[in-house]
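Asks: The chain contents come next:
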Amino acid sequence: MQLAFSAAEIAAIVQPRDTRGSTSATIRGLSALKTAQAGDLTFLGNNKYKAEVPTTAASIVLLPADYAGEPPPGQLYLLVENPSVALARVCSRLEQTLWPRPAPGVHPSAVVAADARVAATATIGPLCVVESGAVIGERSHLEAQVFVGRNARLGDDCWIMPGGCIATECILQDRVRLQPGVVIGSDGFGYEFANGRHEKVPQVGHVVVGNDVEIGANSTLDRARFSRTVIGEGTKIDNLVQIAHNVVVGRHCLICSQVGISGSSTLEDFVVLGGQVGLAGHLTVGRGSKLDGQSGVNSDLPAGSFMKGTPCLPYQLEQRINVLRQRLPALFHRVDALEAEIARLK
Amino acid sequence: MQLAFSAAEIAAIVQPRDTRGSTSATIRGLSALKTAQAGDLTFLGNNKYKAEVPTTAASIVLLPADYAGEPPPGQLYLLVENPSVALARVCSRLEQTLWPRPAPGVHPSAVVAADARVAATATIGPLCVVESGAVIGERSHLEAQVFVGRNARLGDDCWIMPGGCIATECILQDRVRLQPGVVIGSDGFGYEFANGRHEKVPQVGHVVVGNDVEIGANSTLDRARFSRTVIGEGTKIDNLVQIAHNVVVGRHCLICSQVGISGSSTLEDFVVLGGQVGLAGHLTVGRGSKLDGQSGVNSDLPAGSFMKGTPCLPYQLEQRINVLRQRLPALFHRVDALEAEIARLK
Amino acid sequence: MQLAFSAAEIAAIVQPRDTRGSTSATIRGLSALKTAQAGDLTFLGNNKYKAEVPTTAASIVLLPADYAGEPPPGQLYLLVENPSVALARVCSRLEQTLWPRPAPGVHPSAVVAADARVAATATIGPLCVVESGAVIGERSHLEAQVFVGRNARLGDDCWIMPGGCIATECILQDRVRLQPGVVIGSDGFGYEFANGRHEKVPQVGHVVVGNDVEIGANSTLDRARFSRTVIGEGTKIDNLVQIAHNVVVGRHCLICSQVGISGSSTLEDFVVLGGQVGLAGHLTVGRGSKLDGQSGVNSDLPAGSFMKGTPCLPYQLEQRINVLRQRLPALFHRVDALEAEIARLK
Chain A
0 MQLAFSAAEI AAIVQPRDTR GSTSATIRGL SALKTAQAGD LTFLGNNKYK
50 AEVPTTAASI VLLPADYAGE PPPGQLYLLV ENPSVALARV CSRLEQTLWP
100 RPAPGVHPSA VVAADARVAA TATIGPLCVV ESGAVIGERS HLEAQVFVGR
150 NARLGDDCWI MPGGCIATEC ILQDRVRLQP GVVIGSDGFG YEFANGRHEK
200 VPQVGHVVVG NDVEIGANST LDRARFSRTV IGEGTKIDNL VQIAHNVVVG
250 RHCLICSQVG ISGSSTLEDF VVLGGQVGLA GHLTVGRGSK LDGQSGVNSD
300 LPAGSFMKGT PCLPYQLEQR INVLRQRLPA LFHRVDALEA EIARLK
Chain B
0 MQLAFSAAEI AAIVQPRDTR GSTSATIRGL SALKTAQAGD LTFLGNNKYK
50 AEVPTTAASI VLLPADYAGE PPPGQLYLLV ENPSVALARV CSRLEQTLWP
100 RPAPGVHPSA VVAADARVAA TATIGPLCVV ESGAVIGERS HLEAQVFVGR
150 NARLGDDCWI MPGGCIATEC ILQDRVRLQP GVVIGSDGFG YEFANGRHEK
200 VPQVGHVVVG NDVEIGANST LDRARFSRTV IGEGTKIDNL VQIAHNVVVG
250 RHCLICSQVG ISGSSTLEDF VVLGGQVGLA GHLTVGRGSK LDGQSGVNSD
300 LPAGSFMKGT PCLPYQLEQR INVLRQRLPA LFHRVDALEA EIARLK
Chain C
0 MQLAFSAAEI AAIVQPRDTR GSTSATIRGL SALKTAQAGD LTFLGNNKYK
50 AEVPTTAASI VLLPADYAGE PPPGQLYLLV ENPSVALARV CSRLEQTLWP
100 RPAPGVHPSA VVAADARVAA TATIGPLCVV ESGAVIGERS HLEAQVFVGR
150 NARLGDDCWI MPGGCIATEC ILQDRVRLQP GVVIGSDGFG YEFANGRHEK
200 VPQVGHVVVG NDVEIGANST LDRARFSRTV IGEGTKIDNL VQIAHNVVVG
250 RHCLICSQVG ISGSSTLEDF VVLGGQVGLA GHLTVGRGSK LDGQSGVNSD
300 LPAGSFMKGT PCLPYQLEQR INVLRQRLPA LFHRVDALEA EIARLK
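Sequence order for the protein chains is A, B and C. Quick note, the first sequence lines up with residues 0 to 345 if you use numbering that gives the first Met the number 0. Quick note, the second sequence lines up with residues 0 to 345 if you use numbering that gives the first Met the number 0. Quick note, the third sequence lines up with residues 0 to 345 if you use numbering that gives the first Met the number 0.
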């Protein structure tokens, strides 16, 4: 990342309440407090790391407004309401540099069907395929090697990174962002066992991905058996997540990496699933529920549940049981001893 | 999905035993009982949802022959032996519309080696790569951006969805279907630790995928260290599954999403693995065994096992232990109380 | 795999200490002891399989120097110091046949930016995309359909298999090998919840993959929020692994399939993670630690830890608890009985 900001430019971005010290360094990198070097910008985002502030080698430090210390010579403190937010502003500026708006148009190496409708403001990158009847909305950007199948529809301002696949009939609404290698609209996993073999149940539905959804690299979302697999507005999905057929994910959920959601299950709005969580099929996780990493869910959960373990239990109970579990060897000895005592007493 | 069927056309497809009521609606969608609207076809596939039949807004309802109720005006009941099978027939009809047989031939943007042997009836989609010595059988269809490596061989009627990779020397037999992004023939994960580093053990075997196998999106099957990694006829593999080197999967197995099978393990025929199951290496799971989701297997299992948990135990025992586990806090209190009683008695 | 070696050629490769018996067969395959046929080479790599040696149908058997038996007529024993190492030598020879060095140059179907710097000795395969400012080092080989984003840099002797994606600004050092479908540099999964929705935290760092790292098919490595996600020299990563933003993996680690490492966690050198292990964020696993498959880690682990379970415990303790856990039904009965006895005694 080639960046070069003066202290004054950084200050213009983060709008500090106050400043202490000064630096003449050009900021060329962002770094954590501990690993920062001269020329870096750093920040105190979590008070856990407060002790690292006095010794950081960074040239500029973003600090909360109530931070008490003074910088050494050549170092600048910028005191802000929220250092994480201030850093995010710097990063947003960098983001525009890293990923500038591409010029609209279709790369000559792309294969676009004559009857696909590609907005004039959209960008179709090299070696993309856009099939018959597909629609690409205003300012949407397909990076390289993306596949958009027959009659699939992308709304406005979508951003599909390299190697993404949006299969036949699937729909992305507006501002959907797919990281590289995402598959939207693979067949659901449905078979009927008959005559000694698994006969395929046709999977003829599609997938609808709502506004402002982001989906992580190499995640897979299956088309419905019929009707729709749905991802609600604002939901964010991490890498290598599996969403099975006919799943309905509500709005503004967070689904961490390697989660698997089995067929026809429903997440209501604002659900948070930790990494590697697994959900059985045909169940509902109520609004605002949270599942700790690696949990397994095999029954409905009411709204506001906070669960952990396989099969999952209320978080505090699971924590308690995990402590007691470590005392099982001692417990068995205690019961042995009790039995011996009873035998003696009899 | 653009569909438009009259009630008479649907009846011609499902061949009902009996009908009740009538509708003049054109069927434009399929939906679940609860979410169906006028113009939809729905069905009662699971008696769990029986109470939703009287209030469904669908125009046509597929029902079991012994269903007792009468439809409201404008709604048609089609009474069939098995509503799920009847629906599958409708879906099969739709499937042909959604994925019409492609015209044979090689897309001009595909890169096909001069000495690859592509059947005249096969279809090679845009931006595919077929390397030297590869063979593509009759009527096989590579969608867009598929890679077929040197000397890889696909049989007849295979269907490889976008982005699939069938690496050097790997073999797909007939009617193999790969969902998007599948990797067949990545190197097995084999290293020998020597001189303070992991030296690669060459992986020079290949993968053989049997007739009628289907593999889900972004799943990965490693080539054998030498000889073959094998997937038996009729086996169905879901998305994001990992099959390590030298694994042998039997015939007609079902492997759900995110399962991982470690090197040199064997599944005999008709094994079913739930989602996120993990198998250690060099073990055998006997014919017809079933593993519940998230189970972990680290030893051989005899034929007909039904297991759950990590490390897995017989299903009923694991269920029982999971109940008792929740009573551990009470059990510790009971043992505390017993110890106090004993102390008093002494 | 088309191979054809005479017994003399095999002997020249493995340099046996001693030989017994003889064969005139041409070696056309490698196989395990049990499944080998005439014309195959096999080996005794693990004494567990010693009983299979006398009945193997292979034409040549690689055996440890102290092996006592005699081969039947037409079979050749090659007695070597380490049969696994000897086999690896044969496989290395095969590897060169299977994957011959490609000719340098850029395939005419590849899309390479005018200002990308591609070494004259590098090979850019068909339908690759190399964007502006990217650097491809000496003898590096991009197979088909690989994507290298703006300013990404690959060192010398890298090998990127089909469908790999190395996104903007990411760095691979020398001799990095990526199996098919790997994604390097997807966005980290970072959001701040504000105004009822998850606002994206810009992810403007990159990924640095050290010398001699190998990464398995469809694995995903997220770019840092800022600064770097790092994979240390010599580390080997299996298929479908998730490495989150700002993770630092040390040197010579082994990370098995489907592992997930959450954001900002650190593995020190020589750590081994079994399949499907999950690590929470912001923690450190000390040098040389080993985690058994499916373990879950939610706190720092000191160097040399050997752990198992979720949440993980020392391996022996977890094994002990897993045994006791199976005795919980009996334990509850024992406590029931003790309570009855106490009641009687009172």
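In case anyone wonders, no lab produced these hints; they're calculated from the structure. What you are looking at is a predicted structure, and each value in this text was computed from that prediction instead of being measured. The beta carbon of each residue, even a glycine, is placed where N, CA and C say it ideally should be. It cannot be assumed that every hint is accurate.
[Said to hold, decoys possible] DEER-style ranges, computed between Cβ atoms:
1) Ser131(C) to Glu51(B): 55 to 61 angstroms
2) Pro103(C) to Glu137(A): 41 to 47 angstroms
3) Ala193(B) to Pro103(C): 51 to 57 angstroms
Asks: Work down the list of hints and note, for each, if the structure agrees.
Replies: Going down the list of hints, with the structure as the test:
no., hint, in the structure
1, Ser131(C) to Glu51(B): 55 to 61 angstroms, "57 angstroms, holds"
2, Pro103(C) to Glu137(A): 41 to 47 angstroms, "43 angstroms, holds"
3, Ala193(B) to Pro103(C): 51 to 57 angstroms, "31 angstroms, violated"
Hint 3 alone, counting from the list given before, is not met by this structure.
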